[in-house]
Amino acid sequence: MTSLLEVANLTVRFARGDGGAAVSDVSLSVHEGETLGVVGESGCGKTTTARAVLRLLPRGTAVSGSVRFGGRDLLGMPKRELRRLRWHELALVPQSAMNSLDPVRTVESQFIEIIRVHVRCSRREARRTVHAALADVGIDPDRGSSYPHQFSGGMRQRALIAMATVLRPRLLIADEPTTGLDVIVQDQVLRTLEQVQQRHGLAVLLVTHDLGVVAEMCDRIAVIRQGEIVEVGTVSEVILNPQHEYTARLIAAAGHHAQTTAEERAVALASTPGTERDR
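Take the sequence shown: its letters are residues 1 to 279, numbered as in the UniProt record's numbering.
Hints are supplied without guarantee of correctness; some may be wrong.
[Stated by the list, open to error] Dumping the calculated DMTMM-like pairs for lysine to aspartate or glutamate here, alpha-carbon to alpha-carbon at most 25 Å: (1) 79 with 113; (2) 79 with 136; (3) 79 with 89.
Hints were generated in silico from the structure; no laboratory data involved.
Can you make the complete structure from the sequences, with help from the hints?
Okay, here's the thing in structure tokens:
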């Protein structure tokens with residue numbers, strides 16, 4: 001299977017800190033059309049890894065290693081070229097929708113700005129694109145004239161998914177997209193993400209601390225502990241037969257849901273050979 005994103009020996013050190021690496025020698029890949037779950041406890045380096053891929057870390061942060069997207073070197077790429085890639089080919093769904101949306105501008109106007117910065121089109125054409133993107137995530141296009149505070153938490157997060165995918169990128173990085181949402185709304189947001197991915201054939205790098213979410217949504221899992229990858233494999237391999245004691249502890253803390261889901265997926269895949277995307 002073709003690797004869309006290849007991260008090799010990624011190490012990140014922040015300018016302010018004790019000099020230790022926040023991320024150390026991380027290597028992972030994301031294939032075309034698959035979902036890779038990056039999982040671990042808070043502060044383990046998941047978000048730092050994701051933001052290093054997009055070069056969204058604070059100024060002065062030392063980043064070494066290799067990050068290649070579609071064969072192109074993201075770490076060495078000129079900023080102007082990187083800006084052209086963002087939104088068009090790779091995009092981010094951040095953690096907090098309320099902090100990511102401008103509270104004094106309508107949702108539609110924020111979409112239109114993104115579209116017209118990256119695509120030469122009229123305001124009317126951009127508005128049509130916005131309406132289609134909102135409908136794609138189950139939001140009434142007429143609600144685009146609302147302000148972020150007039151959306152529920154789940155709607156704001158779905159709006160961010162629509163915003164990130166409005167230009168149909170090849171890779172979507174979703175950084176804890178259900179943070180702060182109740183269980184029912186979390187499920188709605190995750191189902192929306194899954195439907196958009198399947199509809200448009202996106203690859204997804206999903207950052208989460210929830211193994212139950214990983215078991216349901218991901219093809220493969222990369223487990224991070226204290227800034228280092230300790231285990232990588234398919235959902236069934238990692239959850240049903242963990243090779244690292246830290247992974248085993250995460251699975252135990254997640255309860256039966258993750259294991260049951262992984263078992264069900266393993267049975268389904270065994271009955272339909274060749275369907276697992278990471279084979």
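Cross-check of the supplied hints:
Of the supplied pair hints, the one linking residue 79 and residue 113 holds, its CA atoms being roughly 20 Å apart against a limit of 25 Å. For the suggested pair residue 79 and residue 136, the alpha carbons sit about 31 Å apart, so the restraint of at most 25 Å is broken. The hinted pair formed by residue 79 and residue 89 meets the criterion: a straight-line CA distance of about 15 Å does not exceed 25 Å.
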